[in-house]
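Trainee: Chain A is already provided as a structure; the job is to place chain R on it using the hints.
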Amino acid sequence: MDPLISFSIALCAYVVLVVGVGLVATRRAGSSSEEYFLAGRGLGTLVLFMALFGTNCTAFVLVGIPGQAYHDGLGVFSINAPIIALGIPLTFWAIGSPARRLARELGAMTPAELYARRFRSRAVGVVLFTFFTIYTLPYMVTAIRGAAVTLTVVTEGRVPEWIGGAAVLVVALVYTSLGGMRATAWTNVVQGAIFLGFMVAAFFVFANGVGGGEGLTGAMRAVRDHDTGLLGVKEAGLYAPAAWTSWSLAISLTVVAFPHMLVRLMAADSDRTLKNICRLYPVALISLWVPAVMIGVFGAVAFPGLEGKESDRIFSMMVTEYLPPALSALGFLAVLAAVMSTLDAQILTLGSMLSRDILRPSEDPKGDVRRGRAFGVVIAVAVFVLWRVGGQSIFSLASVSFSGYVTLTPALFLGLRWPRFNAAGALTSILGANAVYFLALESAGGLGSAMSPAWFGFLPVMWGFLAGCAGAVLGTYLSSERGESGAAASGA
Amino acid sequence: MSSRRNNTIAWIGALALLALHLDFWRDRGTAMVLDWLPQELAWRLGWMLLAGLYLVWFCRAVWVEED
Numbered sequence: 143m144d145p146l147i148s149f150s151i152a153l154c155a156y157v158v159l160v161v162g163v164g165l166v167a168t169r170r171a172g173s174s175s176e177e178y179f180l181a182g183r184g185l186g187t188l189v190l191f192m193a194l195f196g197t198n199c200t201a202f203v204l205v206g207i208p209g210q211a212y213h214d215g216l217g218v219f220s221i222n223a224p225i226i227a228l229g230i231p232l233t234f235w236a237i238g239s240p241a242r243r244l245a246r247e248l249g250a251m252t253p254a255e256l257y258a259r260r261f262r263s264r265a266v267g268v269v270l271f272t273f274f275t276i277y278t279l280p281y282m283v284t285a286i287r288g289a290a291v292t293l294t295v296v297t298e299g300r301v302p303e304w305i306g307g308a309a310v311l312v313v314a315l316v317y318t319s320l321g322g323m324r325a326t327a328w329t330n331v332v333q334g335a336i337f338l339g340f341m342v343a344a345f346f347v348f349a350n351g352v353g354g355g356e357g358l359t360g361a362m363r364a365v366r367d368h369d370t371g372l373l374g375v376k377e378a379g380l381y382a383p384a385a386w387t388s389w390s391l392a393i394s395l396t397v398v399a400f401p402h403m404l405v406r407l408m409a410a411d412s413d414r415t416l417k418n419i420c421r422l423y424p425v426a427l428i429s430l431w432v433p434a435v436m437i438g439v440f441g442a443v444a445f446p447g448l449e450g451k452e453s454d455r456i457f458s459m460m461v462t463e464y465l466p467p468a469l470s471a472l473g474f475l476a477v478l479a480a481v482m483s484t485l486d487a488q489i490l491t492l493g494s495m496l497s498r499d500i501l502r503p504s505e506d507p508k509g510d511v512r513r514g515r516a517f518g519v520v521i522a523v524a525v526f527v528l529w530r531v532g533g534q535s536i537f538s539l540a541s542v543s544f545s546g547y548v549t550l551t552p553a554l555f556l557g558l559r560w561p562r563f564n565a566a567g568a569l570t571s572i573l574g575a576n577a578v579y580f581l582a583l584e585s586a587g588g589l590g591s592a593m594s595p596a597w598f599g600f601l602p603v604m605w606g607f608l609a610g611c612a613g614a615v616l617g618t619y620l621s622s623e624r625g626e627s628g629a630a631a632s633g634a
Numbered sequence: 039m040s041s042r043r044n045n046t047i048a049w050i051g052a053l054a055l056l057a058l059h060l061d062f063w064r065d066r067g068t069a070m071v072l073d074w075l076p077q078e079l080a081w082r083l084g085w086m087l088l089a090g091l092y093l094v095w096f097c098r099a100v101w102v103e104e105d
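For the record, the sequence lines run as chains A and R.
Once you know that position 41 of the first sequence is 183 in the working numbering, the rest is easy, because the numbers rise by one and skip nothing.
Once you know that position 23 of the second sequence is 61 in the working numbering, the rest is easy, because the numbers rise by one and skip nothing.
Just chain A, with the same shape it has in the complex (with noise of 0.2 Å):
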């Protein structure tokens, strides 16, 4: 079969599902904001896990950590995977949780809420979102460019890319609009499952491909042979020690600051359900990540002589080359799931910010419902507005919002976790630490320099984050004014 012909195919069939599975989703919902804005505060396990590990799992994982691992071996795999496997749920622990019991007792329903209303200061929540939104926007932005990239490479340069772009946000926006936190958990389970069955398959495959047909054993033994060095770490650049603990700090802590994911957990219906979800991520992120390091080592051997962002392609390049037209298909509609799956989360998160942090919550429940659609579609807008109008300063921004949240998280830890912190140790902490954070960026070459040394062989997101840490301090104690007591600042 024509290989577009086939893709066509299984992108209808994609979308007929996803759609179809929001639309069921809606028809189990009930009308409220609560409703919309966090499925009710109920979601389970199975539900929860896939859309906290869809939304956690951006297509960068899929493509470009096998470009990595294409140049730099399993380094890739030692720096990132095993501290997120650990880092992650702990925070789930430390943030997650007392978010999601004081966000229910305080009746908050989006991230600045929680803390706006924890601190009792309209200023906190609006300073949170502003940063939520420049952190996020630009995220979004290379999400759609990947996944529009992605559609014009399959289709042969067919369907140009503003369609493609603006293809995926739309039936983004239908299936989040219509049944909001519900429809994108529940369709998160369907693109969460495509994704990690298909890198799972894929490697096995890939590995058979690369082995010669001996397998695991024949696939190593050919990598070993073309470089020896893929197998083992290298010591300089993030590799070294200075930028590795900081790379360490940055990853682990960066994913419960993502509003989106923040959201989700307030959405969970008990501990429990945490709990279980922080037994998973370990075994999930090494069914994930396992793959895709080594679809980039593999390629290194099926695909020699790549240089720099070239191997940004190694991916699309191994599902070509070693799968059937119809299941490379598969294959691309796993990028898909994987931006999608991000990108509702985000679209819904900031819709609901900006109606009920930015204006005042509606007294008609249906009326937040109404705000958080039409600001939906907002933000659909602007992102393809900045995609097409933002040029390249755009994605330099994006590189820097990765490591930007995590000058959040003293602030979102403390505000649950100490009752004498306060609104003035909140806002010196996040005006501190993004502070320290820009000036570091700078010293270290500026806006696409997040992943590179500033002082001390430190990367900037390291003095960022102590800066948060101290600004949280100084703030509260020089600060008159009390911070909340008693349950609302719940401890551990």
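Source of the hints: derived by calculation from the structure; they are not laboratory data.
All clues stand as given, with none of them false.
So, partial list: chain R residues that the calculated Cβ filter (under 10 Å) puts toward chain A:
id, residue
1, 52
2, 58
3, 60
4, 70
5, 74
6, 76
7, 77
8, 96
9, 104
Glycine included, every Cβ here is placed at the ideal spot set by N, Cα and C.
Mentor: The following block gives chain R in isolation, referenced to the frame of chain A:
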């Protein structure tokens, strides 16, 4: 076991895992285990197994459900 003792063990466990992750003292060789598993990958998977067991224990002994 008292919660204070569990908290102490949790801190020690987390710090020990962190020290094993920041393993610049280790010889990060490229040898194979069983002829198909790179030593580096085996070490990291072993670490993740330990971290997984730690999390199972942590959820049971340290994380207090407050619903």
